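Combine both chains into one complex, guided by the hints.
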Amino acid sequence: MDTRRHFLKGVVAGGAAITAAAVAPPVCARETYSRPAEALGLLYDATLCIGCKACVAACKEANNNPPEFSTGDHVWDTPLDTSAYTFNIIKMYRNGTMQTKDAEVNGFAFMKTSCMHCADPSCVSACPVSAMTKDPATGIVAYDPGACVGCRYCVVACPFGIPKYQYDSPTGKIGKCELCRHRYADGHYSACAEVCPTGATLYGRSADLLLEAKRRIALKPGSVTRYPRGKIGGPDQSYEGPVGNYLQHVYGENEFGGTQVLKLSAVTFAKVGMPDLPPKSSAATSETLQHSLYGGLVMPVVVLGALSFIAKRNVHDEDDESDTGKDKGEK
Amino acid sequence: MTTHQHAAHTPVGGSLVNAATLVCGVLIAIMAAILLVRFIFGLGTVANINDGYSWGIWVVVDVMIGSALACGGFSVALLVYIFNKGEYHPLVRPALLASLFGYTLAGAGIFVDLGRWWNFWHIFWPGYANPSSVMFEVAVCVTAYVLVMWIEFSPVFLEKLGKRDVKRKLNKWLFFFIALGVLLPMMHQSSLGTMLVVMGGQVNPLWQTPAVPLIYLLTAIVIGYGVVLFESCVAAASYRRTIEMRLLNPMSKIMLGVLAVYLVVRFGDLLIRGALGEAFHPGWVAISFWVENIAFVAPFFLIGSAQARRNPANLFLAGIAIMIGGILLRLNGFLIGYGHFTGSGWTYFPSLAEIMVTVGIFAIEVLGYIIITRRFPVLPRENAQVAS
Chain S
165 MDTRRHFLKG VVAGGAAITA AAVAPPVCAR ETYSRPAEAL GLLYDATLCI GCKACVAACK
225 EANNNPPEFS TGDHVWDTPL DTSAYTFNII KMYRNGTMQT KDAEVNGFAF MKTSCMHCAD
285 PSCVSACPVS AMTKDPATGI VAYDPGACVG CRYCVVACPF GIPKYQYDSP TGKIGKCELC
345 RHRYADGHYS ACAEVCPTGA TLYGRSADLL LEAKRRIALK PGSVTRYPRG KIGGPDQSYE
405 GPVGNYLQHV YGENEFGGTQ VLKLSAVTFA KVGMPDLPPK SSAATSETLQ HSLYGGLVMP
465 VVVLGALSFI AKRNVHDEDD ESDTGKDKGE K
Chain H
2 MTTHQHAAHT PVGGSLVNAA TLVCGVLIAI MAAILLVRFI FGLGTVANIN DGYSWGIWVV
62 VDVMIGSALA CGGFSVALLV YIFNKGEYHP LVRPALLASL FGYTLAGAGI FVDLGRWWNF
122 WHIFWPGYAN PSSVMFEVAV CVTAYVLVMW IEFSPVFLEK LGKRDVKRKL NKWLFFFIAL
182 GVLLPMMHQS SLGTMLVVMG GQVNPLWQTP AVPLIYLLTA IVIGYGVVLF ESCVAAASYR
242 RTIEMRLLNP MSKIMLGVLA VYLVVRFGDL LIRGALGEAF HPGWVAISFW VENIAFVAPF
302 FLIGSAQARR NPANLFLAGI AIMIGGILLR LNGFLIGYGH FTGSGWTYFP SLAEIMVTVG
362 IFAIEVLGYI IITRRFPVLP RENAQVAS
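Sequence lines, in order, name chains S and H. Numbers given in my numbering equal positions in the first sequence, counted from 1, plus 164. Numbers given in my numbering equal positions in the second sequence, counted from 1, plus 1.
So here's chain H without its partners, still in its complex pose (with noise of 0.2 Å):
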């Protein structure tokens, strides 16, 4: 056994069958059923999209923000491979998991909310794509990051599968496989928030303009942390493992260091527009904007100091923290910012059957990493046995 290899990863093992897997089973059995009313019946039935708020959670969280909360693979990898930290390798795994799961189901959950879905290839399809919409650039860099990260996690399988030679050959190509993992988040990452550009005046200017690109690629890489944070934690406390305090407390200032650079850009951005004016007008989207900010801001007050870095438990607030901005900062510009100024009266709330289609999308994940984590070697190699 070594004490600190710290590529070696292991299998967690125990049962597959316990309250938490049976929970997301039940979950997703009920998201079964709704999405078979919403085939068969359409999408008004289920859900409370109307002609104002088309975009409802369905497209926002299930996607956007699905998207934003599996970026800690993109975001880890950019640490180890690109800023050749490589004693941040043990996160690797684990990070690209929840990221494979939940981009794999991002883009699945596309299906969901696509009103005509059998159509849904004329995206890649020369004569019908249309190469200036943005949606056409996410489409293709989710879907194309959603295969190369199969292809970065299968040495897992081959592992698994003691399928050596074909890891080794693979090995030889990994490094363009992690490249291309690094640059295509960027894109479809800063595009997600490209996409308000085209709505215009709709978006309120607290959200629409023209750095969106970078202040969506910036959260994005800032929550892939904040992400791995509350994972590690979560994964430690229920597997009863130590938490690799020796790699978060680290890895956190770093976030704590992009999270600078990003509010420097956010308020900039702002005060250069002028549109920080919005940001008091008594309202709901007000107190959103400040909700969304003041989360961005609590990391800096929760792990700011060595010493707070020390405690577990900040650790996942930070994470927890960052996790709730980066999801406002798409709810609000996608729906809680927006339309607004049409004043044509329209209104959104999701209905239940909405949410508990997005829960269902979110218990897949869970059941996914619970499965793969106890029979794939994804965790890092633990000294003390793991209950079971």
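Looking at chain S on its own, in the form it has when it is part of the complex (with noise of 0.2 Å):
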């Protein structure tokens, strides 16, 4: 017995002594990542938007997704939120009058709501089994319904309450934009930015729809621009348009990391719906905890090296005891 307890005092003394060598710095931090190079994402200009709602038909058509219905009558597909059923919605600010588009007060406004397509996405650090990803190269944050578990842990991580799931349904998915990557073998992009009339939700490259919306917010308001319209880079679809009143911040070029998918607005975003976000992402905060406590189970191996001698002491004399005890309890 005794010399298994030197042994074991040996093993524990030597193994917490190389550890705790190794484990030295104790955080490893985490950075926020940022885009991939060749980030795709859109660009929605709330100026430029008529509210005419092309894209949620469209993204409707594409993902092959069901109408929903809210008035009475059955008729128009009708959501007044994004779901697991409809992942691309305008949404409207509305205040006094409405007499002005554009504006915060007796004015009206549009705004997009869709998956942003975080550098740094909440969902993916959320999912236990990979079935959030994101891509490497185009960095679209993607859905696999056969990895899926049904968790609902990047239902409630999303800052903007993206992906959704199907409570209706006894083999429930998350349902979210995916900027139909599915489309893009057949020559297409997103069908939201596809069917836009004028040009307010843009498809292209992340960097390309970054200068561009830093391009507009220079220009003077009121004075006349072209306009892009479908895909930045794509066939000349332009058109020459007034300038809006815009704020000067590109939403996503910062939040979080940065997003892929990027917003102008004349009115200020938290209003129209889109969250104050630091440029540190939550999954980077999380993942700096996680790792510093978990990283390469390290802790975990030296804490249990610890609590494994001094158990190995003590359970032995009650073993003694419960031996002792039971025999005359039994017997």
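In short, the hints are calculated from the structure, not lab data. Just so it is clear, the structure is predicted and the values come from calculations on it, not from any experiment. Quick reminder that beta carbons are idealized off the backbone N, C-alpha and C, glycines included. Among the hints, erroneous ones may be present.
[Unchecked claim] Just so you have them, the derived chain H footprint on chain S, three or more residues with Cβ under 8 Å:
| id | segment |
| --- | --- |
| 1 | 207-215 |
| 2 | 278-292 |
| 3 | 320-329 |
[As the list claims (entries may be wrong)] Every beta carbon over 12 Å from chain S, so not counted as near; a handful from chain H, in silico:
| id | residue |
| --- | --- |
| 4 | Val18 |
| 5 | Val24 |
| 6 | Gly87 |
| 7 | Asn120 |
| 8 | Met200 |
| 9 | Val204 |
| 10 | Gly258 |
| 11 | Val259 |
| 12 | Ser289 |
| 13 | Phe363 |
| 14 | Leu368 |
[Unchecked claim] Partner residues are not named here, just some residues of chain H that face chain S (Cβ under 10 Å, in silico):
| id | residue |
| --- | --- |
| 15 | Val135 |
| 16 | Ser191 |
| 17 | Gly202 |
| 18 | Leu277 |
Have a look at this one:
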């Protein structure tokens, strides 16, 4: 017994010494990821949006989603928010008399709600089974129902409230925008951008879209400029139009380390449903904590070694007592 | 008959058919019926969860709170085997039994809520498993802990079955499983708190902090002792046994010590982050914060003095106060203080069916505890004969 105890003592002491040296920097900081160089995305310009919702209808068709009814007649697809069956919706901001478009007071404005394809998505970090993944090249945040366990941590984690679940099905899936990645093989791109008549939703590389967004907010409100439509860098479908009264803020440039879908607006973003987000992602904070505690299982193994050593001593004493106690009791 | 031989355990005996077991049986049957509907028609047919509050009580109460309330075994093992307080040994088995049931059901309860439960094994499968996910860590640790607890508890069954030699062999390695049984809850109880971190600004700053793993770990330990106080009193009352004041009294003092550490960490964190202002915004969230923390402070008034600790009623109330504090800490983080910053207009309150499933799961726990304590050697031997 004694030799074994000494042996164990040696093992634990040695192991602790080695690992203590290895763990010396206890915090494994996980930086916020940034957009991949060839990241794809959308630019939504609220000042160009006329609220026709062609994008909502095209999205439904492209993703084979059923209509959702919010009126009694059950004739029109009238979703009130994104859902597991509606990946894209145009919402309306209203204030006072609603006289002027893109005015915060006594005005109205539109805002598109769909997946932002974050550079550092919370849903991907949260998902325990890699059903939510971020493509290393395109940066598209994709969902694989074949992998999904339906825990809905992604639904709870997303700061934009984007992944949504089919509660009405015994085999419910998550539904969200995947930037129409299933249509690329046929030469198509995001259906919402393809059909947008004013170029309010524009598809392309996020880097190009960011340049375009910055070009627009640098222009003098009321002046005239050319607006591309459909796909940036695609066939020229551009037209001339007046410059809106932009906020000097490209939403998604820095939020959570940046998003691949970018937005321009004349009305404060918080008022049109876009949350104020810090440049550091929650995924980075969460994984820094997680990796500091469990990285390489170093801490758990050291603690287990120490606990085993202590328990070994203390349990042994108990066993003797328990055996004698038991014998007395049961015989 | 030994009077002070503390390691002797014996079955309580008596009938398994009584009012308590019958009520449990009915509640379990109701749960089964509701679950049948849930598995045939989907979560939404019986639960009020929605895309704004996708995690309802089946996650937060059944799994998170259920496992926290099952920390008695962990907390007592920590005391007995790590801090070498052998005198508390009689508390180990009953506490471990409650933990065993609590955790097994918390683990099984996940299947009630998992929308695509047949893929569950993906969590453990290389290629699917995502080690960066906090939930991955929780799932692996909870599963491992349930297995470890069954091994820790197996001497009870081996005794009953008379397998002395198997028990002796197991005893040689029991120290390792006991060490694992202390480590694993430390890991996943802290991670249950870390699960909030990725939710970012959706969680009220009163509960969203990088210190959340420590906060959840410390409360899990304190809740463990609180539950032991509660359960010992209930078991003593319902089996008409004497309350083990000799053990509960000093243990409750240790509990107060850990609780004091917790409160320093909790309020220190709130002050350092400057988040305490949120506690003064009028509304339910602030009220719930104060109820949570008053419940955690209450034990100092209930059992703060040596004299007060001699009164079993005070120990019982202190145990309940701790449980309320621990339950609210988790409810507040994941439900009451969640979602208010996105202002999207979603609301959630559990449906009756949802509540009955949660009640049914707790009924399984109570029923299992009754059956095992009456038939297996779990509770410390009593001098006075038990009324049956």
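| For the hint on Val135(H), does the least C-beta distance to chain S fall short of 10 Å? | holds (6 Å)
| message | Take the shortest C-beta to C-beta distance between Leu277(H) and chain S; is it under 10 Å? | response | violated (20 Å)
| Closest CB of chain S to the CB of Gly87(H) still more than 12 Å away | Given a closest Cβ separation of 6 Å, the condition is violated.
| task | Grab the minimum beta-carbon distance between Val259(H) and chain S and tell me whether it stays above 12 Å. | result | The assertion about Val259(H) holds, with a minimum of 18 Å to chain S.
| said: Is the claim that Val18(H) lies outside the interface with chain S correct, judged by CB distances over 12 Å? | reply: holds (27 Å)
| query | Hint check: is the beta carbon of Ser191(H) less than 10 Å from a beta carbon of chain S? | reply | holds (7 Å)
| Taking the least C-beta to C-beta distance, is Gly202(H) closer than 10 Å to chain S? | For Gly202(H), the interface hint holds, since the closest Cβ of chain S sits about 6 Å away, which is under 10 Å.
| field | Check on Leu368(H) being off the interface with chain S, judged by Cβ distance over 12 Å | value | For Leu368(H), whose nearest Cβ neighbour in chain S is about 27 Å away, the distance exceeds 12 Å, so it holds.
| request: Closer than 8 Å, Cβ to Cβ, for at least three residues: run that test on the segment 320-329 of chain S against chain H and report holds or violated. | output: holds (count 6)
| query | Are all C-beta atoms of chain S more than 12 Å from that of Ser289(H)? | reply | Non-interface label stands for Ser289(H): nearest chain S Cβ at 19 Å, farther than 12 Å.
| Since Val24(H) was said not to touch the interface, does its Cβ keep a gap of more than 12 Å from each Cβ of chain S? | Given a closest Cβ separation of 30 Å, the condition holds.
| field | Non-interface claim for Phe363(H), where every Cβ of chain S lies beyond 12 Å | value | At about 22 Å from chain S, Phe363(H) clears the 12 Å cut-off, so the statement holds.
Hint compliance for this structure: hints 1, 6, 7, 8, 9 and 18 are not met, and every other hint is.
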